[in-house]
Amino acid sequence: MNDVSIDTGLATATPRQLAWQRFKRHRLALASGIFLLLIYTLAFVCEFIVPYKTDTRNVQAINAPPMSVRFFDMEGNFHLRPFVYGYDMKVNDDTWMREYTDNPDKLYPLRFFTRGESYRFWGFFEFDHHLFVAGQGGYVHLFGTDQLGRDLFSRVFYGARVSLSIGVVGVVMTLVLGVLFGGLAGYLGGLMDRAVQRMIEVLQSLPTLPLWMALSASLPVEWSSIRVYFGVTIILSLFGWTTLARQVRGRFLALREEEFVVAARLIGAGKLRVIFRHMLPSFASHIITTATLAVPGMILGETALSFLGIGLRPPVVSWGVLMQQAQNYQVIVMTPWLLLPGLFVVLTVMAFNLMGDGLRDAADPYSTGGQS
Amino acid sequence: MRSYVVTRVLGMFPTLAFISLIVFIVIQLPPGDIVTSTLDRMQAQGVEVSAEQVQNLRAQYNLDEPMPIQYLRWAGGFITGDMGYSYLFARPVNELVWERLGFTLIITISALLFTWVVALPLGIYTAVRQYSIGDYVLTTIALIGLATPNFLLALILMYIGYEWFGISIGGLFSPEFQEVPWTWARLRDLLSHLWIPMVVVGLGGTAVTMRILRANLLDELNKPYVVTARAKGVRPIKLILKYPLRIAINPFISTLGLLLPTLISGEAIVSMVLNLPTTGPLLLQALLSQDMYLAGSFLMLLAVLTVVGMLISDLVLAWADPRIRYE
Amino acid sequence: MDNILQVRDLAVDFTTDIGITKALNGVSFDVPRGQVTAIVGESGSGKSVTANCVMRLIQPPGRIVSGSIQFSPSQGSPFDIVSLADKDPRLHELRGGLISMVFQEPMTALSPVYTIGNQVAEAILCHRDVGKAVAWQEATEMLIRVGIEDIERRMFMYPFEFSGGMRQRVVIAMALVCNPEVLICDEPTTALDVTIQAEVLTLIRDLQHELGNSVLFITHDLGVVAQLADYVVVMYQGRVLEIGTVRQVLKTPMHPYTQGLLQAIPGLARAGERLATIESVVGDADITTPYPLVKLADGRQVSLPPQSTPGGQESE
Amino acid sequence: MSEVLLEVKNLCKSFEGVVAVEDVTFDLLRAETLGIVGESGSGKTTVARCILRAIDPDTGTVQFNSSNGWVYLTNLPHRELVPLRREMQMVFQDPFASLNPRMTVREIIEEPLIIHGERSRSRRLDQVMDILDRVQLERDSLTRYPHAFSGGQRQRIGIARALVLRPSFIVCDESVSALDVSVQAQIINLLEDLQRELGLTYLFVAHDLSVVQHICDRVLVMNRGRVVESGTVTDVFERPQENYTKLLLSAIPSTDPDVPLQPLDREQLGI
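Protein chains in written order, with this note's numbering: chain A, 288 to 659; chain B, -2 to 324; chain C, -10 to 305; chain D, 856 to 1126.
No lab work stands behind these hints, which were simulated from the structure alone.
Hints are not guaranteed to be accurate.
To be verified - Derived EDC-like pairs (lysine to aspartate or glutamate); straight-line CA-CA distance at most 20 Å:
{"no.": "1", "chain 1": "B", "residue 1": "K235", "chain 2": "C", "residue 2": "E82"}
{"no.": "2", "chain 1": "B", "residue 1": "K235", "chain 2": "C", "residue 2": "D118"}
{"no.": "3", "chain 1": "A", "residue 1": "K558", "chain 2": "D", "residue 2": "E962"}
{"no.": "4", "chain 1": "D", "residue 1": "K1101", "chain 2": "D", "residue 2": "D1063"}
{"no.": "5", "chain 1": "D", "residue 1": "K1101", "chain 2": "D", "residue 2": "D1120"}
Unchecked claim - Simulated coverage check for chain C against chain B, where a stretch passes if three residues somewhere in it have a Cβ under 8 Å from a Cβ of chain B:
{"no.": "6", "region": "35 to 48"}
{"no.": "7", "region": "111 to 122"}
To be verified - Estimated spans, in silico, between C-beta atoms of each pair:
{"no.": "8", "chain 1": "B", "residue 1": "F170", "chain 2": "C", "residue 2": "V119", "range": "54 to 60 Å"}
{"no.": "9", "chain 1": "D", "residue 1": "K1101", "chain 2": "C", "residue 2": "G201", "range": "32 to 38 Å"}
{"no.": "10", "chain 1": "A", "residue 1": "M384", "chain 2": "B", "residue 2": "Q50", "range": "48 to 54 Å"}
{"no.": "11", "chain 1": "B", "residue 1": "A48", "chain 2": "A", "residue 2": "L478", "range": "46 to 52 Å"}
{"no.": "12", "chain 1": "B", "residue 1": "G99", "chain 2": "A", "residue 2": "M384", "range": "38 to 44 Å"}
{"no.": "13", "chain 1": "B", "residue 1": "L184", "chain 2": "A", "residue 2": "W307", "range": "57 to 63 Å"}
{"no.": "14", "chain 1": "B", "residue 1": "Y122", "chain 2": "A", "residue 2": "T388", "range": "45 to 51 Å"}
{"no.": "15", "chain 1": "B", "residue 1": "L102", "chain 2": "A", "residue 2": "T388", "range": "45 to 51 Å"}
{"no.": "16", "chain 1": "A", "residue 1": "A571", "chain 2": "D", "residue 2": "K1101", "range": "51 to 57 Å"}
{"no.": "17", "chain 1": "D", "residue 1": "F870", "chain 2": "B", "residue 2": "L69", "range": "39 to 45 Å"}
{"no.": "18", "chain 1": "C", "residue 1": "R194", "chain 2": "B", "residue 2": "Y122", "range": "44 to 50 Å"}
Glycine residues also receive a C-beta, built at the ideal position from the N, C-alpha and C atoms.
Work the whole structure out from these sequences, hints included.
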């Protein structure tokens, strides 16, 4: 208790501003946050971002490798407008495989913010502008194509919309369950507390994936895509809430004894006021952190289930569904770019973990509050 | 200590009873049952089945009894070691389960050992050399390891194995050892195949464990008892090993139990990618064809495995931490 | 004169997010051999930092910027503790061997997972080439000496089975078991109840008389100072304000801060009156200015107000 | 003059089977300061918290002489306690933990007024300003958060929050024991000034005997949940009757080097 106040700049800063300052110091966490913001935005407007729809097939390019965007052509001439080369396909006589090379005669310039395939944005209104399309009747496949000639770049971003949203929707459900049960256990105590504790113990001692598998397998085949989507999300959150509930319960019990909470009760504050004005703000930051760290689990869960063929099913496109195409090593050896959705999974999950770490450090109001 | 062990062991049984109920409900969830799926198959082949035959079939599988009876029959059988009959394979579940469970256990335990052997020294290193280049490199690798779904890792290893070394990775045995009785040669063959699933399954856990250990150790490093020991003149390496590590390892032991469900989950999916003869692929098959006894027994056995694993980790923790032992 | 420790111009910085805090700002004082020297000050005065410097326990973000601590053991040549390399064998010999330390929190100063016997005997094994049996035997004797009863059983018990006062006795035994030349006590009784504090203080006083080692005692409690110390160093905001014998400092304090501190203590003598505060005593004067340290004829350092500096004395 | 404000009778409280307070009985007079001293685990804090119903006692009664006559605090449902909170408040020990870190000083001091139905913003602000002056805090403190203050300043904020409702009775639960001596002196002076100006009654819980000696009129000595001795400060401190009190007093180190510490022996006293 040093009897010297901190310099005035910090003195009037709100706890939230202080937390933001601390968060900004974590460069990696900040970068992750920006990355996530970017990829969520792209996924949100993916119809516009990508040149094709998920089921558009290019029969000239079956299992074609990724293209590179160029400014210099093969003669070394500079082009102001970036372009791609079309494919030159040849069937290998020994292996019967299609092999693609760049075709210098098919030079397709990229045109930006221009008309292409028409689509219904979020299924609502018809539109046909895209961020970029290939000009001169050509095609562009930045990530290559699959065995049906569908553009992987387009599918990855459509898949991002599904996979990323499943993470968030799942976490919201987890939050509801976790805060509800944790709060009830912490606030009511006694029998309720014991029941919830027992439930958590049982759920935590089950191997999740096999159980997810069993539950997913029970989703009726005839269900629509949207119902399967929510079915899978519910399954994922059904076993994920236990960690959060434990934390909420623990924080609840600890906070109930905090002096400032006792002080609030003693000035006559009612239960609701104590909970919402004094207790919830104190662990909201913890809840946000936990939620951030829980999103990756959801994304990984969806990916795993869909990969096994018991989660989301085509024609829905998600990262897991996309990975399903790369299930054995023959496919991977021939078309390794089909693993690209995996890269997005890894990057996203890493970003969530890093941001969660940064949030956790920033959440503690006194971590650099001026005491030793 | 003895009373702790007794209460802990006794407490396991209600948990298992609960779990069996959950498992039973889960496997009853899919619409239809083995009879309807058999009927579908028969009808697809053009065989007509009369209502009477259906009734007989149901009676034969005890599917006409009320649910609680079915549950008790299943659970009771489970306790006496009779896990029912797999319709899919037309064999008793017992025959199908044990060998596969054995392999699951081998992979899980070796992955656990791998996790510890790798995570322990690296976790200590990253904590003691906080913010060094080594810390950054290892922490980054751990982060990537944490973010990589293990089936993706398996796929990548397969790709690397084929592209760079020209070998096909997968299975637990070479073809010539696939269906022969156990010999030393077969065991060696198993070990030469085992390392890949071990690494793949264990890597995610290793990353988690390393991060937890690092965080725990950093928490402990400046605790008063460590300062006291340093002031007492305990030499640096012994100081770390004897004081903060001993305490940092305690929560770590209890996460060991929680690691098991994760490892078993990872094993299930990796086995499908690598085509290993373990419980995972069979469970999936059983689930898809609604072979209820087979799927239920697998789920239940995996659950028993984790509950026992958690019990062991709790007992080890009690042994390691006198504060628990003496309560 | 015979000083076992001579601290000169010690400066320590702590680098935090807000900026650099000068925890110590040119601290100089002596610890005479075989006597009890107390450093007294309020929180933030730097008294604990000073103690940690002597043991070289300052860890990042803290850093010893400058200064020296000359240590003169009864055998061997004197050396400067500050300039010892981290791997210098003398540093290891110093910690726990020549100088040992008792900390504030008896509840957390012992590892909860090892027995009392183990932790006390370890101190011996760290510094002397003796077998485990000998170490155990000597640990037992030391624990008896600090007043632990029922020793055969207690040696095998864990710290959490002991009360706070008992634990502090164990920590003291652990510190004394290698017969160090200097014992540093960092607020060893602050966390204890007043009755237990009295027992522990008596114990430290008796052991010091008996063993004759030098004691550096850190505290914020002037009562404790009065009962235990021969010499007193008054610290405030990283500086030494006043030095003198316990009677000089407590009965005829010269520095206004020390005067304020003494008058701020509540007690029956002034019941009903308003307590003096530092501000009311010091007024507008700058209390961070230390009085110059002066070496007296007998070699002791004391501080004197500027106007009364005796001519001819070599000032520090 | 010596009107009774509070009457505690046969108060008992156990936590999970461990007795914390056993059969505690005493009266508190208006405008006096009653101290409760004891070592850790003596039950002194539990008594204080039971009186304000921060904890519900097991048995026993607490009667309070409120502005509407005598009430039994112990029987009252929590809902009916709310209006009484205007008249009795608490100042806590830990100046760091007792203030909500997410509220500004203004929000902290204003909250009791809001709860007790003061609707006018300007009247609330006036009262907050007034109390701020009384506890000698700068007016520009209002928009700051607790993290910007030192321990002593925070304790002033805590006192302001307790006083803003103009209570007649304040429980000080180790309110100065976490403070440095120089800051402690300021807070003690402040508490005494406020008592004179506002006619406050204090129940002062502390383990530091010299603080109690300075500030209190009467004192209760507690040991293991029971009151072992009570009386005026002068009587208890100068002519202690009970062995436990003698033990406590003998353990205080004097700041005079010529008065040696000679603590009594627990076993010889038979405690």
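Those earlier numbered hints the structure runs against, lowest number first: No numbers; nothing is violated.
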